[in-house]
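4 protein chains.
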Amino acid sequence: MAHKKQSLVEKEKKRQDFGFGTKATSTQARLVKADGDFNVIKLGQSFEVKLNLYHRLITMHWSRFVGLIFAFYILLNFIFAVIYYAIGIEHLNGVFAQNGLTQFQEAFFFSSQTLTTVGYGQISPTGFLTSMIAAIEALLGLMSFAIMTGLLYGRFSRPTPFIKFSKKALISPYLDTNALMFRCVNERSNQLMNVSVSIILSRNEEVKGNLIRKYYTLDLEREKVKFFPMSWTIVHPITKGSPLLGQTPESLAASDSEIVVALEGTNDTLSDPIYARHSYLYSELTWGAKFQSILETEGDAYILKIQDIDKCESAILNE
Amino acid sequence: MAHKKQSLVEKEKKRQDFGFGTKATSTQARLVKADGDFNVIKLGQSFEVKLNLYHRLITMHWSRFVGLIFAFYILLNFIFAVIYYAIGIEHLNGVFAQNGLTQFQEAFFFSSQTLTTVGYGQISPTGFLTSMIAAIEALLGLMSFAIMTGLLYGRFSRPTPFIKFSKKALISPYLDTNALMFRCVNERSNQLMNVSVSIILSRNEEVKGNLIRKYYTLDLEREKVKFFPMSWTIVHPITKGSPLLGQTPESLAASDSEIVVALEGTNDTLSDPIYARHSYLYSELTWGAKFQSILETEGDAYILKIQDIDKCESAILNE
Amino acid sequence: MAHKKQSLVEKEKKRQDFGFGTKATSTQARLVKADGDFNVIKLGQSFEVKLNLYHRLITMHWSRFVGLIFAFYILLNFIFAVIYYAIGIEHLNGVFAQNGLTQFQEAFFFSSQTLTTVGYGQISPTGFLTSMIAAIEALLGLMSFAIMTGLLYGRFSRPTPFIKFSKKALISPYLDTNALMFRCVNERSNQLMNVSVSIILSRNEEVKGNLIRKYYTLDLEREKVKFFPMSWTIVHPITKGSPLLGQTPESLAASDSEIVVALEGTNDTLSDPIYARHSYLYSELTWGAKFQSILETEGDAYILKIQDIDKCESAILNE
Amino acid sequence: MAHKKQSLVEKEKKRQDFGFGTKATSTQARLVKADGDFNVIKLGQSFEVKLNLYHRLITMHWSRFVGLIFAFYILLNFIFAVIYYAIGIEHLNGVFAQNGLTQFQEAFFFSSQTLTTVGYGQISPTGFLTSMIAAIEALLGLMSFAIMTGLLYGRFSRPTPFIKFSKKALISPYLDTNALMFRCVNERSNQLMNVSVSIILSRNEEVKGNLIRKYYTLDLEREKVKFFPMSWTIVHPITKGSPLLGQTPESLAASDSEIVVALEGTNDTLSDPIYARHSYLYSELTWGAKFQSILETEGDAYILKIQDIDKCESAILNE
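Protein chains in written order, with the working numbering: chain A, -9 to 309; chain B, -9 to 309; chain C, -9 to 309; chain D, -9 to 309.
There's no promise every hint is true.
Intra- or inter-copy, both count: the list cannot distinguish identical chains.
[What the hints assert, rightly or not] Below, a list of computed lysine-lysine pairs in the DSS-like style, where the Cα atoms sit at most 25 Å apart:
hint, residue 1, residue 2
1, Lys1, Lys32
2, Lys1, Lys198
3, Lys204, Lys158
4, Lys280, Lys204
5, Lys157, Lys198
6, Lys32, Lys280
7, Lys230, Lys295
8, Lys157, Lys301
9, Lys214, Lys230
None of these hints come from the bench; they were simulated from the model. Computed from a prediction, not measured in an experiment: that's the story for all the values here.
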């Protein structure tokens, strides 16, 4: 009895699990999106997490980031201009305008000169309140600027791998059998070290009448390379034991198959670990083709033609 | 003889130790607090360590941090205002006030304009001493600001995991036995990779008439997942060999049991390792319940309802 | 049949691969250049990658970096001077020059005072347009400066190992056989921990009439040291199984042999992993020589004479 | 014959090596100094390495660092004052002094107002040359300040473990044999995770009439703890196979014995790996003593009395 319990538990332990949950039912939903992100929407996050300003400011597009800084700058100056105007324009030395709008304009520019700590001095504060507000605005300016410095450094120094994957994965002849192959290359000129890759097949299977999502690790010819200076063709040989053995384009479509790729390595310029993900849907497999070499030697250097990463020719599959 | 010595030593080596010390006697003290910190107070730290300004300034609450900056700013300006006033207000060009208090005020604002390097110039220093003090104050301002920049960056870029654990751990039916289960989810939208978890049971036991605190690792169904995009239910099957086998709510209360959880992983946006700890006291276990799924599919995306992490239904335990 | 397939695949799996690609044909091209970089030129990189400003600004020479900053500063001031001049010099208070060139000069210096946020105020903006441009220029100044701060920090804090390798690798007598030996030392005064090294022999071989580039890991006497405070002589004993067994200077030249060295460790001051590469061409081997010690003790300290790293004496090879 | 070669090489491979070199002859030199640094002086470093400004500015004492900044500030202002004075004090608007010294003083303060970008404007530059120098000085000021910001952040964020080791190592009774014991504690309030320790005995031995320095790893009761919230007593049981078996205070002194401790772990606040080294000379061993507990429970917290880390009582050694 105890023995039987033990064995069911042991069996469960051996089941492969990659953290995608075990109850995910059939869906057309892709697990990993084209850009390598997981296709999961999180609801019910706490406000603090939803906000998560740093992460968003670090990862948003440059044009949006610069736009936000300008908007923030204009807004802050506007708010302080309103305050200076409300206290009384007579507390700003050097403002001689009579017109209300022009006065407000001058208050706005005084604010900008204070916030950036330029402080030309052609306009200057008098009276306790205006002087105090100006003192606080200058401190705020320094703090905003300190934050901007940190954000810019964070944006710049964020480890962004530029791993380019071939658009298609191929089913190619390989030795005396066939294999699933795709190719990747580090676009950057820095070096990646100790690069390892793992690939997972995710597909629907009918178990006792229910459609269940199942996950399989695919064995690779090579899971790790010490250096990654050139291109790397990742090869899963379709031999006995491979869940791809005996599959056809039609059967993969029917089971809504997806191949998820995860790559890890270390950037040797900045000593950061880097991660890249990619996924090939069944519709992104080409059957009966093989990659053409993109590495040439010219004079005494090796030439890697990154633009040819997708170049392949048709090939007759074995058996 | 030598043989016997050897074996006692070998036996000692095999004893599990998690760094909590081996002589901790019975206490109501919780080992890990609700926020994941260890419940240990350290006395006799050296002054330098006690101070440890960087660590405190990095980890204190934002409101306190901003408050401290303002207080420091006011204080520094006050001190320099006293110095300028003491040297003589006549060495500040542009101060025309006759009243002592107003003169001090102007010295204060001159100081603030120097410290922030705004330097409007409506007030300016003359004479060697006042000019020198102003030159030093401007340098001090730049240094303070440099420190502030570093602190703000340090605060922002600190790896803060937002792992949410279910409030309760459940004793649930599992296959044909029972299991201890709790659930966690990464609230943030960034990805955690290579996440592993280990859990320890800590309880009092009577050994030769003495109450001793003992620690046991609990075996898990799965100790590591490659990805963590959804929720993860951590499962300790209560099988032969589990220290929870045969326990009841009453026996766990009597032995002052605590379950300590430690989670490790890597943040793939910033490539930082992250750590999270949690603890379940015996009073935070629910017997005879099981978690309900919080993952749904809608259109072609997965939806994860984080707010439902504690949702469970009652379930009849096996045997 | 299935068995035969399996075994071919298994055989392929056992082949050593270091990420250099397997189809590289014979060439005079050195795989690793003198400075440790791979001798690979990448074509077809996307514009974003080619630009990769951060990486280039971080790794360029100091003199170029400072030159670039000055050029950028002059250029930006020139552009803004043109704008101020175009709007009308009468909107810059304090410019009394009549001469067009002198007026432009003053606009240029006003721009520099705004960009650096010095803002003396002897020249100051009036009118909406000029004031607005000045407000934007001050913000631009702060942003440029924030970027400069980040770049300077990035340049300074980049982990740069100063591993000095001996210029030559030696074939020395070793125990009762011979060995390939070279020496390295950490020039810096910081400590490297957990340093490991691996070396690869790359050479041409004729396989079925085709010249193929082949790669072999060379076994080392010791692959890892816990500490690296002194010098380390890396030793590959030429015993049975070594691809160097039976080789001569002539045979290594004929096969265009290259020995690639990769070293990894951790810098304990900054806790960064460090990487160093080196390569010895067949022409950089000295046959029949051995290294002389560069470590001495004087008083109660060890003295390491780094300048003597190449010092060796001739020695008679075994057998 | 080939077999014999092989076995000599194999034997050599099994010899323990910790990176201290193998030819170090007898010396009174301590391998690891009291502060954990290696007792090695490196000669012949390249100029660039010797300079290594960043490393020195990051690790020097705070008082020296602040002193250096002030000295640099004064020096830079002095140099620019000389330049402005040489160009002609008449190009500084607002300087009315007739006296040469006072004029120089004003040039000095103008320089300081430019370098810090305060720019009050009571003194301002006129003429191309003086204006250009001022523009360059302001840029230099910003660059110096950017460097200062980076250095301050680097100083603050440098991972500095505060592992306190007991001053003495004890030879204590342990189970039914004896053991070498010492104690360490993390003084800081942050947490260290996955802490591992290794200890090495270094001593002189006579081999064929020559004094040779030999190194032995000492086996530990426990080499790694998952958490390190309290104190940790590291225990090397002196059993069969221990190089300390049968040793006496006199024999350890005669062989100039030193015990080197290396500790590694991860700081969970900043996610940095940390390293600590320590060493016990033969004269820092206490024979026949055991540590007293420094952990108490009070109310519902554990209290760790760090100041009592050296507290021990005499104990009778076994056998």
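For each hint, the structure was consulted:
| no. | hint | in the structure |
| --- | --- | --- |
| 1 | Lys1 x Lys32 | neither (32 Å within a copy, 46 Å between copies) |
| 2 | Lys1 x Lys198 | within (18 Å within a copy, 39 Å between copies) |
| 3 | Lys204 x Lys158 | within (23 Å within a copy, 29 Å between copies) |
| 4 | Lys280 x Lys204 | between (28 Å within a copy, 23 Å between copies) |
| 5 | Lys157 x Lys198 | neither (36 Å within a copy, 35 Å between copies) |
| 6 | Lys32 x Lys280 | between (40 Å within a copy, 22 Å between copies) |
| 7 | Lys230 x Lys295 | neither (35 Å within a copy, 40 Å between copies) |
| 8 | Lys157 x Lys301 | within (10 Å within a copy, 42 Å between copies) |
| 9 | Lys214 x Lys230 | within (22 Å within a copy, 27 Å between copies) |
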